[in-house]
Amino acid sequence: MGSAHVRRAVALGVPLVLAILFPLLVNNPYLVSVAVSAYVTAIAVYGLNVMLGYTGQLSLAHAGFYGIGGYTVGILTSDYGFSFWLALPIALAFTSLLGHLIGLAALRTRHDYFAIFTLAVGVMIVIVIERWESLTGGTDGLIGIPAPGSIGPLSFTSLNSQYYLALAFLVFTIYVVWSLMHSLVGRTFLAVRNSEELARAVGIDAGRTHQLSFVISAALAALGGGLYAAFSGSIGPDVGDVPMTFNMLVYLMIGGVASLPGPLVGTILIMGLMQALQAFQEYTLMILGPILILVVVFFPGGLAGQGKVLFERLTRREADQ
Amino acid sequence: MSGAATLRVEQLGMSFGGLKAVDQVDLEVPAGKITAIIGPNGAGKTTFFNVVAGFYAPTAGRVLIDDEDVSGLPPHKVARLGVARTFQTTQLFPAASVLDNVIVGRRLHTRSNVFDAVLRSRRHRREEAESRENALEALEFTGARDLADVLVANISQEARKRVAVALALATEPRVLLLDEPAAGINPHETEGLTALIRSVAVERGVTVCLVEHKMRMVMDLADHVAVLNYGKKIAEGPPAKIRSDPKVIDAYLGADHDA
Ligand SMILES: Nc1ncnc2c1ncn2[C@@H]1O[C@H](COP(=O)(O)OP(=O)(O)OP(=O)(O)O)[C@@H](O)[C@H]1O
Ligand SMILES: [Mg+2]
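These protein sequence lines map, in sequence, to chains A and B.
The first sequence runs 1 to 321 under the working numbering.
The second sequence runs 1 to 259 under the working numbering.
None of these hints come from the bench; they were simulated from the model.
Predicted model only: the values in this text are computed from it and were never measured.
Keep in mind that the hints are not guaranteed to be accurate.
[Claimed, not checked] Straight line, CA to CA, 16 angstroms or less: simulated EDC-like cross-link-like pairs of lysine to aspartate or glutamate:
no. : chain 1 : residue 1 : chain 2 : residue 2
1   : B       : K33       : B       : E236
2   : B       : K232      : B       : D23
3   : B       : K77       : A       : E197
4   : B       : K33       : B       : D220
5   : B       : K77       : A       : D79
Work out the full structure, taking the sequences as your base and the hints as a guide.
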């Protein structure tokens, strides 16, 4: 057994065990609820990373898809009596379809133009949510969204059970992204990001690759949003608004773009920090701004990228001795 | 679909606004042979490749691969029909290993999708193993196998040229377009690359069409030479004849005087 295997087992096992023990260790409902929000947001940030990190395009409609996922689950379960377990896949399918249709237009552009195009889409999504009062409750939003129903003996009404459900979906998301990026499809993604021209010259359909990335990214946003709606019991238009996209972008950049742990590390760290500094909420941007600048300047790979370097240095030294 | 193909263009034209970068060019690049395209700077050689490979849709005329009209198809479709190319400023995927670069060239021969990836299907495992094997074989052929695990950023200019050829060969082309493959390498390295290109045509049976300014290399390699000047084909024939063609000498001298 090589030391690479040991390193990987440690890198995966230790955080997972800590996450499983977390509610018991802290024994503090408030902290557990912060962790639930962070996991749910991180799922969406993984989606943002699929687009920005792996195919290299920044979608500023991302929170819009998060909102659409959340509203779809909210409306189906509270107004139409759907089971959460049916509403969630419907929300994913609907958001993916919408993402596909928007992608057909938006992906005629790239880079800055794509970002601006999707920014406009993000703004439009919020306008639709706010104006379509009969369906969405307008600016008041939706309340009374039921928690996920039980599966056999497992019920999801208690905070701790919701924590484990969020954790399970997070692990699922990380697995999906990992397996994607360690596959021929993932190689195609990176090829298109690194040189679209060369990728096309070797037979890769760059347009379809961006389209696929966009749909996966939207689906992960919807998964996060759907879980958010069911766990918090309510949802408002600000959840799908453009500032939310920028928050997610900050989590991603601080954690590490194109890194597998990056979205989780950045989301937990910054959402945790914001909770700790709640008294200074008006100064959020004054705090986040300098942190972001420091990270980008000193650790261009994000904190997870830097952590990986340190981790490998430490474990390698041990292995050498 | 393997084996060499004939590349033929008929009355090919490519205009940018008023500029005719390629103008009424008729040319046949015979299967399995090495054809060189030469001409002074700005003659339209790279544009010619860009049109053939589908990067630009021609504004006039047709491109045929073994009599199949590919004019106006997007590059990935042209590549799937068997046309591979390298770029004038050698292009590779940076920040990836040499092997990972060349494996990308196998994508068009694989069918695994997102579900295969997430479910780690048998098809995916098979295709991944095959891609790796074929990529290593392409690296072996181009003499760059030792570099398989090295990052592209850390290899020499000459090695990059070889890896670029390996990446193109990984697609199993029937026609290979090489845009100044020997630019920026020394005479000794150029000889090695010349031998490699010859073996692509002779051993692999691939049709080679090459743009090159290094005349010795062209004279050594080419079975056939075509000369472009201001987008027009001004001469065509065996290397020895081209070398002494007054029109060709004129075009080059004229370009020198302009410069
Ligand atoms: N995309 C483009 N838009 C406008 N003009 C272009 C474009 N591509 C090439 N040209 C013009 O077409 C002409 C031919 O350029 P091209 O790059 O094909 O020449 P070349 O023969 O490859 O030259 P070199 O030997 O310097 O590489 C030039 O005048 C160039 O400026
Ligand atoms: Mg050129």
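Hint by hint, here is what the structure shows:
1. B:K33 / B:E236: holds, 15 angstroms
2. B:K232 / B:D23: holds, 5 angstroms
3. B:K77 / A:E197: holds, 13 angstroms
4. B:K33 / B:D220: holds, 13 angstroms
5. B:K77 / A:D79: violated, 48 angstroms
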